[in-house]
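Protein chains: 2
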Amino acid sequence: MITPRTLSGFKDRLPEESLPKREMLNSLMKTFEFYGFAPIETPHLEYAEILKKQGSEEIQKELYSFFDHGGREVALRFDLTVPLARFIAQHKNTLGLPFKRYAIGNVFRGERAQRGRYREFTQCDFDFIGSESLGCDVEIVCVIYSALEHLGLREFVISVNHRQVLNGICEILGFSNVTECLRIIDKLDKIGKDGVLEEFAKIGYTHNIAELLDFIAHKDSDYKVTLAYLETFSNKSEALDRGISDLKTFFELLEGLIPSSSICIDLSIARGLGYYTGIIYETHLSNLKNLGSVCSGGRYDNLTQNFSKELMSGVGASIGLDRLLAGLEELGLINGKKTPADILVISLDNLMYAYKSAKELRDNHIKVEVYPESKLKKAMQYANNKGYEWVVILGEEEMKTQSFTLKNFQSGVQHNCIKLKQMLEILGKGK
Amino acid sequence: MITPRTLSGFKDRLPEESLPKREMLNSLMKTFEFYGFAPIETPHLEYAEILKKQGSEEIQKELYSFFDHGGREVALRFDLTVPLARFIAQHKNTLGLPFKRYAIGNVFRGERAQRGRYREFTQCDFDFIGSESLGCDVEIVCVIYSALEHLGLREFVISVNHRQVLNGICEILGFSNVTECLRIIDKLDKIGKDGVLEEFAKIGYTHNIAELLDFIAHKDSDYKVTLAYLETFSNKSEALDRGISDLKTFFELLEGLIPSSSICIDLSIARGLGYYTGIIYETHLSNLKNLGSVCSGGRYDNLTQNFSKELMSGVGASIGLDRLLAGLEELGLINGKKTPADILVISLDNLMYAYKSAKELRDNHIKVEVYPESKLKKAMQYANNKGYEWVVILGEEEMKTQSFTLKNFQSGVQHNCIKLKQMLEILGKGK
Chain A
7 MITPRTLSGF KDRLPEESLP KREMLNSLMK TFEFYGFAPI ETPHLEYAEI LKKQGSEEIQ
67 KELYSFFDHG GREVALRFDL TVPLARFIAQ HKNTLGLPFK RYAIGNVFRG ERAQRGRYRE
127 FTQCDFDFIG SESLGCDVEI VCVIYSALEH LGLREFVISV NHRQVLNGIC EILGFSNVTE
187 CLRIIDKLDK IGKDGVLEEF AKIGYTHNIA ELLDFIAHKD SDYKVTLAYL ETFSNKSEAL
247 DRGISDLKTF FELLEGLIPS SSICIDLSIA RGLGYYTGII YETHLSNLKN LGSVCSGGRY
307 DNLTQNFSKE LMSGVGASIG LDRLLAGLEE LGLINGKKTP ADILVISLDN LMYAYKSAKE
367 LRDNHIKVEV YPESKLKKAM QYANNKGYEW VVILGEEEMK TQSFTLKNFQ SGVQHNCIKL
427 KQMLEILGKG K
Chain B
7 MITPRTLSGF KDRLPEESLP KREMLNSLMK TFEFYGFAPI ETPHLEYAEI LKKQGSEEIQ
67 KELYSFFDHG GREVALRFDL TVPLARFIAQ HKNTLGLPFK RYAIGNVFRG ERAQRGRYRE
127 FTQCDFDFIG SESLGCDVEI VCVIYSALEH LGLREFVISV NHRQVLNGIC EILGFSNVTE
187 CLRIIDKLDK IGKDGVLEEF AKIGYTHNIA ELLDFIAHKD SDYKVTLAYL ETFSNKSEAL
247 DRGISDLKTF FELLEGLIPS SSICIDLSIA RGLGYYTGII YETHLSNLKN LGSVCSGGRY
307 DNLTQNFSKE LMSGVGASIG LDRLLAGLEE LGLINGKKTP ADILVISLDN LMYAYKSAKE
367 LRDNHIKVEV YPESKLKKAM QYANNKGYEW VVILGEEEMK TQSFTLKNFQ SGVQHNCIKL
427 KQMLEILGKG K
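Chains A and B, in that order, give the protein sequences.
In this text, residue positions in the first sequence follow the working numbering: the first is 7, and each later residue adds one.
In this text, residue positions in the second sequence follow the working numbering: the first is 7, and each later residue adds one.
To be clear, the hints were calculated from the coordinates, so they are not data collected in a lab.
Honestly, I wouldn't trust all of these hints.
Listed below are the simulated DSS-like cross-link pairs for lysine-lysine, each with C-alpha atoms no more than 30 Å apart in a straight line [to be verified]:
{"no.": "1", "chain 1": "B", "residue 1": "Lys58", "chain 2": "A", "residue 2": "Lys17"}
{"no.": "2", "chain 1": "B", "residue 1": "Lys58", "chain 2": "A", "residue 2": "Lys373"}
{"no.": "3", "chain 1": "B", "residue 1": "Lys17", "chain 2": "A", "residue 2": "Lys315"}
Here chain A is said to cover these stretches of chain B; the calculated rule only asks that three of the stretch's residues, wherever they fall, bring their Cβ under 8 Å from a Cβ of chain A [to be verified]:
{"no.": "4", "region": "136-143"}
{"no.": "5", "region": "283-292"}
C-beta atoms are modelled at their ideal positions from N, C-alpha and C, and glycine is treated no differently.
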């Protein structure tokens with residue numbers, strides 16, 4: 007006998023977790039496709055050399071790599087971006103540019119196991135590759151807005167910044183090591199102002215830090231106010247000027263496409279290390295500030311740099327699925343059902359009539375499970391355990407009169423021997 | 007620079023392959039959920055001991071196993087059934103029985119690479135576990151029927167047999183090594199009658215083989231005819247009698263649920279080795295006999311035998327996704343589009359108007375891609391490459407009159423400066 011168990015850091019998803027995840031993915035995929043993003047799939051396993059020397063040092067330490075039957079060094083992918091870069095470099099002539107893709111898939115990182123962090127988790131990315139038009143940036147933001155709206159979310163803000171604005175202000179204030187500055191700024195939320203000052207001191211910066219912090223602290227729910235603030239820095243840095251110009255065009259194109267209350271400029275957003283080169287964004291649920299960003303991304307210029315000399319500009323975003331699911335749950339937007347079905351049909355003595363009735367209900371677009379044995383008590387326990395709101399009970403009387411007895415499991419209200427039409431009306435599925 | 011390439015036996019799916027796969031999976035999942043099957047997810051990586059000594063010798067040789075960062079021997083799953091057994095044994099108290107699940111996921115087998123066979127491929131299984139009711143067997147068959155019907159297939163036959171019928175006839179004819187006999191019978195299609203005789207001779211059987219072959223060759227499109235034939239063997243073997251009785255109950259319950267022309271008894275179906283114990287089935291597309299079974303399965307009694315002493319009866323089936331996709335393509339049920347969008351919007355000079363128009367179309371349930379640059383020629387090439395049927399072209403005139411120019415890319419017909427309502431009518435999206 008083998009003890010049934012999963013590896014540390016890996017987990018099974020039971021129906022109550024898989025159902026909302028699948029519903030969410032389904033909704034997201036629909037949104038992506040409404041904007042013309044097409045799905046692609048890449049293997050879970052790649053040549054190790056494709057994945058090595060990519061991502062952070064941390065990620066490299068966590069890489070699952072091994073030798074396969076043919077003696078090749080292979081590794082499990084740790085994200086969907088490196089495989090995308092490989093994919094684009096490999097297929098760009100077939101694909102044609104620009105290319106819009108989404109990808110949903112599991113990735114693997116042998117992190118130290120900790121609460122809420124898993125070694126296998128699902129990523130959901132969408133990218134618009136091969137065009138420098140700010141229209142692409144606009145569409146990515148529209149997709150974020152539509153995606154969250156379709157999930158039932160109403161209160162959220164997409165916060166936008168531009169990497170060249172940050173580069174520019176660093177230049178103006180005399181910080182030459184921009185990457186390091188951005189890395190420190192990115193930690194502001196975590197380590198506070200004093201922590202930031204300390205870190206700056208470590209790399210030899212002691213002047214103008216208050217000015218830099220003032221700059222990035224500027225925030226207004228109206229992007230026009232922030233744009234006006236930025237313009238007071240005009241003509242001091244080429245980078246900053248390009249950032250301002252991009253943001254202006256971006257907001258012009260975006261006008262009327264999403265509510266202006268759903269978007270603002272937040273100059274403190276840096277999105278980590280050297281990856282992004284243009285507009286960047288994060289998305290926060292207004293009622294769950296501590297959740298962190300549920301969708302982040304931005305524009306990059308160097309996606310395929312390890313595979314091809316050709317520069318390839320693109321813009322993309324990644325949805326934090328687990329975070330978003332946790333948010334939806336906290337906001338009460340997820341029901342705790344363990345079954346996708348609307349109704350459990352229970353037969354008292356004649357399974358044949360139960361299956362026929364179930365077919366009739368399914369033909370009327372109701373999702374139906376039939377309890378496979380004529381055992382009322384066990385079936386009722388089962389309905390209760392699965393979280394069914396409705397059960398249909400079929401006995402001799404129902405069969406004789408070709409009717410249904412419908413019981414609401416929550417309220418206890420029971421409708422005896424009603425006809426299909428009446429039942430559909432009660433369930434809100436009638437015309 | 008690293009050469010961008012995939013491992014031998016692994017492949018990327020470009021949009022033209024991923025789109026129909028996603029549509030197919032979506033349709034299948036909908037069907038599963040209409041019957042109350044819930045999704046579950048298990049990790050791609052398991053303790054190696056869970057996966058070892060399972061499946062055939064072949065499968066074991068092909069296992070991708072290695073040592074992880076913590077020195078644990080781990081392996082990539084080679085199917086979804088062994089993880090299901092582990093899952094059920096581990097969670098049965100939380101889940102409650104019976105339990106209906108579906109699972110769609112990738113599995114890994116380091117097979118010798120050959121045309122059309124991959125080392126990573128997607129499996130799609132659905133199972134009804136923990137009840138011996140023949141109602142479960144009936145529902146699995148109904149799901150197969152509905153699933154294929156919803157994919158647009160009309161001509162297919164589900165062929166049914168019963169393992170105890172085969173056990174029984176072997177007993178009656180004096181073949182004591184039933185497993186070996188079934189293994190040989192299973193190869194009849196491949197090695198022919200002479201091959202079968204040869205193989206039987208090898209294990210010392212020379213008598214009654216013609217009778218056995220006659221028996222399994224019996225076939226009639228009307229299951230009632232075959233049931234009557236089976237009854238001529240009544241009262242000679244307990245196993246055969248149980249098989250006949252099960253099949254009778256099964257067909258009684260199935261009456262009226264699916265067309266009788268879609269199901270028959272085929273006594274030659276053995277479904278391989280020792281796994282199944284009850285009703286078994288295969289599904290063949292009538293116009294593509296050579297494709298092989300697109301959905302196979304049956305009842306088993308020993309799912310969790312390696313993890314728990316408790317016997318656990320279940321019935322399940324597996325859809326051959328790649329085979330089914332190939333079948334759908336051959337039958338012309340897959341379009342070759344490289345984009346999920348219905349329309350490409352092309353702006354001649356004003357991207358802002360293009361995005362606004364796209365929003366209007368999306369609000370009317372049309373999937374729209376906007377070409378992100380105002381370059382007509384490149385955009386038209388793009389539309390052609392992606393297989394778009396329709397493009398919308400927006401210039402100064404259209405913007406002035408708040409209208410659309412709609413062009414059918416296939417026929418070349420162009421509707422100049424039409425209003426939204428008219429356009430929706432042409433696209434068949436009007437009311």
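Status of the hints after comparison with the structure:
Taking the CA atoms of Lys58/B and Lys17/A, the gap is about 20 Å. The hint holds against a cut of 30 Å. A C-alpha spacing of about 38 Å is found between Lys58/B and Lys373/A, which places the hinted pair above 30 Å, so the restraint is violated. Using a Cα cut-off of 30 Å, the hinted pair Lys17/B and Lys315/A holds, with the two alpha carbons roughly 24 Å apart. Counting residues of the region 136-143 of chain B whose C-beta lies closer than 8 Å to any C-beta of chain A gives 4; at least three are required, and the coverage claim holds.
Only residues whose C-beta sits within less than 8 Å of a C-beta in chain A count toward coverage, and the region 283-292 of chain B has 0 of them, not enough to reach three; the restraint is violated.
Comparing the model with each numbered hint stated earlier shows that hints 2, 5 do not hold.
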